[in-house]
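Student: This is what each chain is made of:
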Amino acid sequence: MIEGIFVEGLIFAVMAMGILISYRILDIADLTCDGSLATGAAVAAMCITSGWGVPMSLIMAFLAGVLCGLVTAAIHNHLHLPGLLAGILTMTMLYSVNLRILGNKANVPLVRVDTMYTWFRSTFDFMPSAVASLMGTLVIVVVLKVLFDLFFRCDLGVAIGALGGNEQVVISLGMNPSVLKYIALGLSNGLIALSGGMLAQYQGFADANLGQGMVVQGLAAIMIGEFLFRTNRISLITLRVILGSIIYKALMFLGRRYGYLVGITPNDFKLLTGLLVIISLIVASTRTKAAENRARREAVKKVMGGVDNA
Amino acid sequence: MLDIQHVTKVFFPGTVNEKIALSDINLHINEGDVVSVIGSNGSGKSTLFNMIAGTFPVTAGTIMLDGEDVTHKSEYKRAFGIGRIFQDPTKGTSANMSIQDNMLLSLKKGMRGIGFSLNNERRELFRSLLEPIGLQDRLEDNVGLLSGGQRQALTLIMACMSKPKLLLLDEHTAALDPGNARIVMDMTEKIIQEEHYTALMITHNMQFAIEFGNRLVMMDEGRIILEAEGDEKRSLTVSDLVRRFKEIRNKDFASDEELLTEGD
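Residue numbers (the working numbering), protein chains in the order written: chain X, 1 to 310; chain R, 1 to 264.
Chain R with its partners taken away, still in its complex shape (with noise of 0.2 Å):
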C-alpha cells in the first residue's frame, strides 16, 4: 500500500542551519494498517508526513503509493490518493464558503469544469452526512462560523467523501479542547472502521497511541526507533514505552516526558 524507503529529508542543506529530520526512514504499510506514530517533538513526524503527501520533495529515497513511484510527484497529484488532515482545524476547509460549497468540492479530486454540480439530490447526501455533528441545517453558512471542533469534524467528513486510499491525520485533535478532541476522535475511529482506510495517525497521547489502530510507530530525532504491532502493541502500557524508549535512546528523557502526555 504504502512503501517509504530509505526516505532521508535533511533542510538547508550545506548551510550553518542543516538539519536532519529525517534519516533513512524504512516503513511498509499494507492496506487496512492503521499505524499511530508517536515522538516528541522535532522527531520527524510531521516531516514524515509533508514527505508522505509531497509538501516538500525528500532529499533521498523513495516513496511508493499504491504500487506507483510518487516521489517526485507534485503534492496535488498525489492528493489523489491522499486525505489528510491538519492539526490546525482552519487548514481544511474554506472559511469564507459555505459548508454546501466546501463539501462539492471534496465529492472528488481533480480540475473542475464549468458545470453545476449542486443539485437537491447531493444536498440531501451532505445532510446525511452531516446529521451526525449536527449541522445538517446549516448547509449555507460560512465554514467560517464554525467552532474548531465542528470545523475539524467537517474537515474528516470532507476528506472522506472522495474515498481516499490513505488517510494522514496529523494530529487532528491536538487543537481541540478535551470534549470536542474526544468527539473527532470517536467519529475517526468510527469512519476508520466502516470503511475499513488504511491510516497513519500522529498524536503525542502515548494512550491513544495505545489504543488506536493495529500498529505503533515511535520516531526519535528523525530515526523509527520502536515497531509494534498485533498482540504486542495491545499488550503494551503507557510506562512500558517509556521504559523501552528510555532504553534505546539512553538519554535523560525528562525534557522528553512533559511533551508526551499519558491519557486524558
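Chain X extracted, bound-state conformation (with noise of 0.2 Å):
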C-alpha cells in the first residue's frame, strides 16, 4: 500500500518536473499539461499494444509530448498569443488527437502484455511485486532528475533560466527569445508526457481524460514543496518538487482513506486541490515578502555602506 503512494508520487513527480520548467523556470502558465499528459499514455499505451516493447513506448510518449510543447510554444511566439491561452489551444485540441491516437476509443486497457512494471516485477522477482515495481520507477526518476539538474545547470538551462526571470537580458545577449522557448516547453511537455506514458503502464490502461486538472494537481505538488526548504539550487529544487509530488499523493491516499471521516469524498478532490494551491500561494507571498526585506536590509547594510534607502 505504502509502496503504491511513492511508486504514485514518483510518477508523478516526472510530470511536476515538467510543469516546473513552464511554470516555475520559464514563468509561462502552460495548460498544454493537461492534453500532453493524456497523449503520452495514449502513445504509450499503443506502442505497448502493437508490440513496440518498453523502451521503445517511453521514447515514443516522449517525443509526442515534445511535439505538444512545439505546438504550443509555435502558437505562443509566432501568433504572439499569451503562452495561457496558447496552452488551453493546444490542450483542446489534443483531446481530440488523443482519442485518434487511442483508436477512436476513450480507454485503452493494458492487459496480457507486457508493461514496464510486468518488467520490473520479474527483473527485482526476488523482491515482493510493490517494492520491485517502487524500485523500478525509483531508478528511472533519480535519473531523470540527474538530468533535468545537469540540463538546467549547463549554459543552455541557465540561458532558460534567465529568459524566465526577464526576457530582456535574454534579447541583450543576443539570443532568440523564441528558439529558447520551443527547446523549454518541449522539454516541458517530453517530460509530462512521459510522465503519462509511466501512468498508463502502472494503472494497466491509457484513458483520453487521464490529464485533466492536472496542470493545478502538478501546482500543489510543487508548492507543497517549496515549503519543505528554500533554496536556489537546480538539484535542490527538483528533489523538492519529488518530495512535494510524494506528499501530495500520500494526502489524496489519505483523503481517500480518513476523507469519509469528515465527509470528503474522491469528488471533493479537485476543490480541495484548488484550495491547497491558494493558501500555498497565500502563504508563500507572505513569508516571501518577510524573507526579501529581511535579506535586502542585510545586502544594503553590508554593501553600500549602511544606506538605506528603503
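Everything labelled a hint here was simulated from the structure, so no lab data went into it. Some clues are possibly wrong.
Okay, the calculated beta carbon distance ranges per label pair [said to hold, decoys possible]: (1) Val142/X x Asp3/R: 41 to 47 Å; (2) Ala295/X x Gly179/R: 19 to 25 Å; (3) Ala295/X x His6/R: 48 to 54 Å; (4) Glu211/R x Thr288/X: 37 to 43 Å; (5) Ile282/X x Glu140/R: 25 to 31 Å; (6) Met111/R x Ala284/X: 31 to 37 Å; (7) Lys108/R x His78/X: 24 to 30 Å; (8) Ile279/X x Asp66/R: 41 to 47 Å; (9) Ala290/X x Asp231/R: 23 to 29 Å; (10) Glu211/R x Arg297/X: 46 to 52 Å.
Heads up, the beta-carbon is just placed ideally off N, CA and C, and yes, glycines get one too.
Using the hints, put the two chains back together into the complex; each one sits in its own frame.
Tutor: What follows is the structure, encoded as C-alpha cells:
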C-alpha cells in the first residue's frame, strides 16, 4: 500500500518536473499539460499493444510530448498569443488527437501485455512485486532528475532560466527568446508525456481524460515542496518537487482512505487541490515578502555602507 | 561607428493616436565618442535608443552600426554589438538566478550550447570584477536580493563583459538615490575612459550632460535641436543650455524647467 503511494508520487513527480520548467523556470502558465499527459499515456499504450516494447513506448511518449510543447511554443511565438491561451488551444486540440491515437476509444486497457511494471516484477523477482515496482520507478526518476539538473546547470539551461526571470536580458545577450521557448516547452511537455506513459503502464490503461486537472495538481505538488526548504540550487529544487509530489499523493491517499470520516469524497478532491494551491500561494507570498525584506536590508548594510534607502 | 540617417518613427500611424516620436533624425557618431543626450519628457530620447537597439522597427530611415546596415535586424541580433542599460535596475539582470549565473551568461553574446562553462577560473574573474562594488563574496546569492544600486552596478559590469561596440545608457542612474547614482555614474565614467567605449547616455540632469563625454545632443519634439562638441561643449553652462533651448524653440519654457534638473 505504502509502496503504491511512492510509485504514484514518483510518476507524478516526473510530470511535476515538466510543470516546473514551464511554470517556475520559464514563468509561463502552460496548460498544454492537461492534454500532453494523456497524449503520452495514449502513445505509450498504443506502442505497447502494437508490440513495440517498453523502452520504445517511453521514448515515443516523450517525443510525442515534445511535439505538443512545440505546437504551444509555435502558437505563442508566432501568433503572439499569451502562453496561457496557447496552452489552452493545444490542450483542447489534443483531446481529439488523443482519441485518434487511442483508435477512437476513450480507454485502452493494457492487459495481458508486457508493460514496464511486469518487466520490473520479473527483473527484481527476489523482492515483493510492490517493492520491485517502486525500485524500478525510483531508478527511472533518479536518472531523470540527474539529467534534469545537469541540463539546467549547463549554459543553455541557465539561459532558459534567465529567460523566465527577464526576457530583456536574454535579448540583450543576443539570444532569440523564441528558440529558447521552443526548447523549454518541448522539454517540459516531453517530461509530462513521459510521466503519462509511465502512469498508463502502472495503472494498466490509457484514458483520454487522464490529464484533466493535472496542471493544478502539479502546481500543488510544487508548492507543497516549496514549503519544505528554501533554496536556489536546481538539484535541491527538483528534489523538493519530487518530495512535494509524494506528499501530495500521500495527502490524496489519506483523503480517499479517511476522508469519509469528515464527509470528504473523491468528488471533492479537485476543490481541495485548488484550495491547497490558493493557501500555499498566500502563505508563500507572506513568507517571501518578509524574507526578502530582511535579506535586502542585510545586503544594503553589508555592501553600500549602511545606507538603507527604503 | 554609428550612422543614423533620416530616421523617423511614427507610432500608431493612420489612427487618432498617431504620434510622431522622431522626425528625420540624422546623427553620426565616431568611434570613441561619448555623447550625452538631453531633452524633456516625450522629446524622443528613449525612442531614439529603441530605434538604435531595435526594440521597435523604424518607420523610415537607415541605421548603420560599424559599417553594417542594421535597420531591419531584430533586437537580439543587434545586441551582439550593443550593451544597453535601462533606467529600471531590474531590467538588466535576472532576479531569480545567482550572480555568477548572470555573469556567466554575460561573458559572450549568442545562443548557448549544452556545455558547462562555469569553472574556478571564471569564478576568479567574476570575483575580481565584483571587487569594486563589494560583491565578490556573494557569487551564489540571487540577484533579486541586491538593492537597486547594486543591481545597476552589476548590470554595468555585465554589459561590458562582452566588450560591446556601443554602450547605450538610458538614464541608468535616474531610478537610484543620489548616493548610489553617484557611485554608478563614477563607475560608468571610469569604465568608458579605461576601455575607450563609444557611448550614448540619456540624462535629465543638464550638469551631468555637460560634464560627461565629448559631445552633447539636445532633443525636443522628435528632433535634434542642439549639438555641441569639443571646446564648444566644454564651455557650456546650464544657463547657456536653457537660454539656447528657449531661443531655438521660442516657446514657454516653464513647464520644461521642472523636468530638467540643474544638477545635484
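Student: Now tell me, hint by hint, if it's right for this structure.
Tutor: Cross-check of the supplied hints:
1. Val142/X x Asp3/R: 41 to 47 Å: Since Val142/X and Asp3/R have Cβ atoms about 57 Å apart, the given range 41 to 47 Å is violated.
2. Ala295/X x Gly179/R: 19 to 25 Å: Between Ala295/X and Gly179/R, where Cβ atoms are some 21 Å apart, the hint holds.
3. Ala295/X x His6/R: 48 to 54 Å: Cβ of Ala295/X to Cβ of His6/R: about 50 Å, so the range 48 to 54 Å holds.
4. Glu211/R x Thr288/X: 37 to 43 Å: With Cβ atoms ~41 Å apart, the hint holds.
5. Ile282/X x Glu140/R: 25 to 31 Å: With Cβ atoms ~29 Å apart, the hint holds.
6. Met111/R x Ala284/X: 31 to 37 Å: Holds: the Cβ-Cβ distance is about 34 Å, inside 31 to 37 Å.
7. Lys108/R x His78/X: 24 to 30 Å: Given about 28 Å between the Cβ atoms, the range holds.
8. Ile279/X x Asp66/R: 41 to 47 Å: This hint is violated: roughly 55 Å between Cβ atoms.
9. Ala290/X x Asp231/R: 23 to 29 Å: Hint violated: Cβ distance 57 Å, outside 23 to 29 Å.
10. Glu211/R x Arg297/X: 46 to 52 Å: 33 Å, violated
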